[in-house]
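Asker: Protein chains in written order, with our numbering: chain A, 3 to 456; chain B, 4 to 346.
Rather than coming from a laboratory, the hints here were simulated on the basis of the structure. Any given hint could turn out to be false.
[Claimed, not checked] Straight-line C-alpha distance at most 25 Å; calculated BS3-like pairs for lysine-lysine:
hint, chain 1, residue 1, chain 2, residue 2
1, A, K128, A, K102
2, A, K414, B, K80
3, A, K289, A, K414
4, A, K322, A, K344
5, A, K92, A, K103
6, A, K290, A, K414
7, B, K153, A, K114
8, B, K80, A, K344
9, A, K114, A, K170
10, A, K203, A, K290
11, A, K103, A, K344
12, A, K203, A, K289
13, B, K80, A, K322
14, B, K153, A, K344
15, A, K114, A, K128
Source: prediction; values computed, not measured.
In case you want the letters, here they are:
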Amino acid sequence: MSRQNLTRRGVLKTGAAAGAGLALPTYLSAAGHEGFTNAPSGDTVTLGFNVPLTNAYAEEGADELRALELAVEHLNGGGDGGMLQTFSSKALDGTGILGKKVEYVTGDTQTKSDAARASARSMIEKDGAVMITGGSSSGVAVAVQALCQEAGIIFMAGLTHSNDTTGKDRKANGFRHFFNSYMSGAALAPILVDQYGADRKAYHLTADYNWGYTTEEAMASSTEALGWETVNSVKTPLTQTDFSAYIAPVLNSGADVLVLNHYGGNMVNSLTNAVQFGLREAEANGKKFEVVVPLYSELMARGAGQNIAGILGSQNWDWKLENQLGARYSGTNAFVQSFGEKYGFPPSQAAHTCYVQTLLYADAVTRAGSFAPCAVVEALEGFEFDGLGNGPTLYRADDHQCFKDVVVVRGKENPENEFDLVEIVEVTPTEQVTYAPDHPQFAGGALGTCNNGA
Amino acid sequence: MDQIIVQVLNGLDKGSAYALIALGLTLIFGTLGVVNFAHGALFMLGAFCAVIFSRILSLSHEIVDETRTDFLGNPMKIDVPYMHDIFGPELGASIIDWAVPLSILFSIPIMVGIGFAMERGLIKHFYKRPHADQILVTFGLAIVLQEIIKAFFGANPIQTPAPEAFTGSFDFGVLLGFDPLTIMYPYWRLVYFAFAALIIGAVFAFLQFTTFGMVVRAGMADRETVGLLGIDIDRRFTLMFAIAACVAGLAGVMYAPIVAPNYHMGMDFLVLSFVVVVVGGMGSLPGAVFAGFLLGILESFASMPAVVQLLPGINQIVIYLVAIIILLTRPRGLMGRKGVMEE
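Sequences and hints are given; from them, build the entire structure.
Answerer: Here it is in structure tokens:
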């Protein structure tokens with residue numbers, strides 16, 4: 003027998019909760035009416051760190067949060083100052099931002115666009131965040147960037163690699179430091195041809211969302227331009243864990259290279275399956291079968307273990323850059339030292355890009371002398387800087403994309419420890435990965451005008 | 004033809020996992036009448052038993068190598084497993100290598116204990132509550148369990164490799180007269196299929212050929228009459244819950260080398276396993292096993308590139324599509340009994 007739970011008290015409680023939810027202020031009427039949304043009025047300023055703490059990219063999110071907390075510490079004058087010592091701009095002095103102590107709030111994007119928008123909205127409306135950063139998925143980045151544009155908030159994207167973020171979905175209030183799919187293709191293709199030959203047939207397995215599409219397009223067009231042929235490309239659901247049904251037909255497809263346009267847990271599982279099905283030992287078309295992972299990460303390499311050995315891919319940054327390639331990448335060691343001392347292991351590229359984005363925002367506000375989004379946009383557009391670990395870098399005004407060197411890496415055959423899983427094969431210079439703002443892979447979008455909000 | 008054989012083989016190992024989870028689910032439903040949404044979490048806990056046991060075997064002490072430095076420039080610390088100290092480097096390495104099969108022994112008492120604690124500690128209080136309450140409480144429990152695992156092990160998948168002897172693939176093509184390398188199938192997946200067949204056979208034999216099993220079957224058919232005969236059916240059903248938990252756990256242990264365990268893997272299997280139970284027929288053990296293999300193989304076929312290109316997205320909906328068709332034509336599922344969940 004089931005019990006009827008409809009009571010007067012229950013109805014009242016539900017009604018009160020629903021009423022409270024509906025009564026939440028909208029961001030257009032949020033605190034601060036000094037010409038822009040959430041203008042800081044006291045002696046503190048609040049930043050919003052919107053990172054994935056659950057689901058497929060949670061490990062990246064946790065590392066981003068560590069770096070963001072470290073950035074706040076350094077901005078407020080704590081610790082050893084990290085990259086503030088090496089940053090080419092000397093506007094920041096460890097006294098917060100424009101003399102206001104930096105505070106932060108965090109939200110969980112859950113690696114889902116709707117959840118990410120909800121948590122960003124909450125940080126803007128309830129906590130008065132003046133800038134949102136973080137995130138580890140292009141689907142999330144595009145969604146949150148659009149929200150920030152509407153709300154009149156600056157969005158400093160975290161780890162997002164799809165061309166769309168600064169392509170068809172670019173927004174005036176959004177900025178990306180991380181590299182993109184096009185850059186991965188442009189950096190990787192010549193090395194793939196050099197290592198595996200020009201007569202190769204590629205089979206793509208692609209994550210079924212915007213990042214997967216642009217990465218597949220970039221890898222296919224870059225490799226085809228150098229003589230490779232794309233024999234097939236198959237979309238795989240983001241929620242897939244066992245890729246055997248997708249991997250098994252690859253050997254008989256006529257392909258001799260498998261390109262895994264997968265990231266995070268997807269990549270760990272698809273690569274593991276590829277190894278289990280003997281692809282690494284197989285031969286096809288009289289050549290050794292090869293596997294390529296366009297977007298690498300140290301955290302993913304740790305997940306994939308021995309399976310990653312010998313596999314080529316690209317990264318935005320690597321913690322060994324300055325030690326191995328010299329002072330061009332200054333700032334790397336300062337960041338690794340601060341992060342390593344605090345947390346006991348080296349930072350990932352997700353951590354690095356979020357840390358740098360926070361410093362770049364703080365610096366832009368300081369140079370502009372205002373938290374107003376349009377002033378920050380003006381300070382960041384066309385900004386050239388150095389000393390943040392990637393070498394000389396430009397924040398291009400046309401699309402708010404950073405242009406800098408791209409790191410090509412390979413899984414190490416005999417890693418000495420769990421942090422030393424990838425080796426740097428080559429650093430591709432900025433010129434080789436630079437493209438015109440109206441390049442077809444980025445077409446269909448416009449920055450529009452910056453929005454100060456309220 | 005070779006592609007069809009490859010996909011049938013692929014479907015078998017996934018079907019084995021579905022069948023093992025669905026077997027436990029339907030066993031619990033058939034005996035206790037509880038819709039257990041935490042069953043996927045038990046599969047996940049089983050996989051993490053393999054992870055934990057691997058880590059226990061790999062427990063190490065640090066030695067400092069002054070000749071090398073770590074990433075901060077300090078002297079390098081190197082981990083030396085205690086197993087190497089106790090059994091020597093070679094035997095020690097072999098024991099660590101065989102961690103997953105050995106963890107079966109470790110996981111049986113743990114999973115039985117967890118199953119017993121779950122049933123006595125939580126689920127028994129929900130026997131007389133509506134199915135909706137049971138679903139909510141077990142789903143909540145599943146979330147709690149996965150968050151506990153996440154807190155301890157992080158969110159990234161954890162590689163738990165099969166023993167060295169089972170890495171690589173078996174060339175079925177040569178065996179069946181095809182060209183070499185046309186039908187490759189990983190050794191461990193063959194082991195998994197054989198293991199699943201063994202466990203399913205053992206559960207059926209236990210229920211069919213033991214007095215205990217006979218009483219349980221009688222209880223499933225008519226609980227009140229068995230109770231009136233003076234048999235403590237509740238105690239037996241508690242044990243069946245523990246056995247079902249153990250089956251799900253063992254399915255997880257052996258699945259760890261196939262898909263690297265992560266805290267969310269239970270949820271990935273849970274929904275599909277429920278579809279398997281419903282398609283097989285609520286409370287029907289052979290139905291669960293048959294539907295598990297059937298849907299596993301169908302899912303494999305739907306993921307073939309040729310099929311996906313012809314019908315985009317079919318790989319993600321095929322199981323639900325087939326479930327709808329089967330339920331429209333056979334509302335009680337393939338082997339469902341009259342009266343179950345129909346009151």
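Asker: Taking the hints in turn, state whether each one holds.
Answerer: Now the hints, each set against the structure:
Note on A/K128 and A/K102: the hinted pairing holds, with a Cα-Cα distance of about 19 Å set against a maximum of 25 Å. Taking the CA atoms of A/K414 and B/K80, the gap is near 19 Å; set against the 25 Å cutoff, the hint holds. For the hint linking A/K289 to A/K414, the alpha-carbon distance of about 22 Å falls within 25 Å, and the restraint holds. Pair hint A/K322 plus A/K344 holds up; C-alpha atoms about 18 Å apart against a cutoff of 25 Å.
For the hint linking A/K92 to A/K103, the alpha-carbon distance of about 18 Å falls within 25 Å, and the restraint holds. For the hint linking A/K290 to A/K414, the alpha-carbon distance of about 19 Å falls within 25 Å, and the restraint holds. In summary, the hint linking B/K153 to A/K114 is supported, as the alpha carbons are separated by about 18 Å, within the 25 Å threshold. Restraint check for B/K80 and A/K344: the C-alpha separation of about 18 Å stays at or below 25 Å, so the hint holds.
Between A/K114 and A/K170 the alpha-carbon distance is near 20 Å, which keeps this suggested pair within the 25 Å criterion. This hinted pair checks out: A/K203 and A/K290 have alpha carbons roughly 12 Å apart, not beyond 25 Å. About 21 Å separates the Cα atoms of A/K103 and A/K344, which keeps this hinted pair within 25 Å; it holds. Restraint check: the Cα-Cα separation between A/K203 and A/K289 comes to about 11 Å, which is no more than 25 Å; the hinted pair holds.
For the given pair, B/K80 sits about 19 Å from A/K322 by alpha-carbon distance, which is consistent with the 25 Å threshold. The suggested pairing of B/K153 with A/K344 holds, with an alpha-carbon distance near 22 Å, which does not exceed 25 Å. A distance of roughly 21 Å separates the Cα atoms of A/K114 and A/K128; the hinted pair therefore holds under the 25 Å criterion.
Checked against the numbered hints above, the structure violates none of them.
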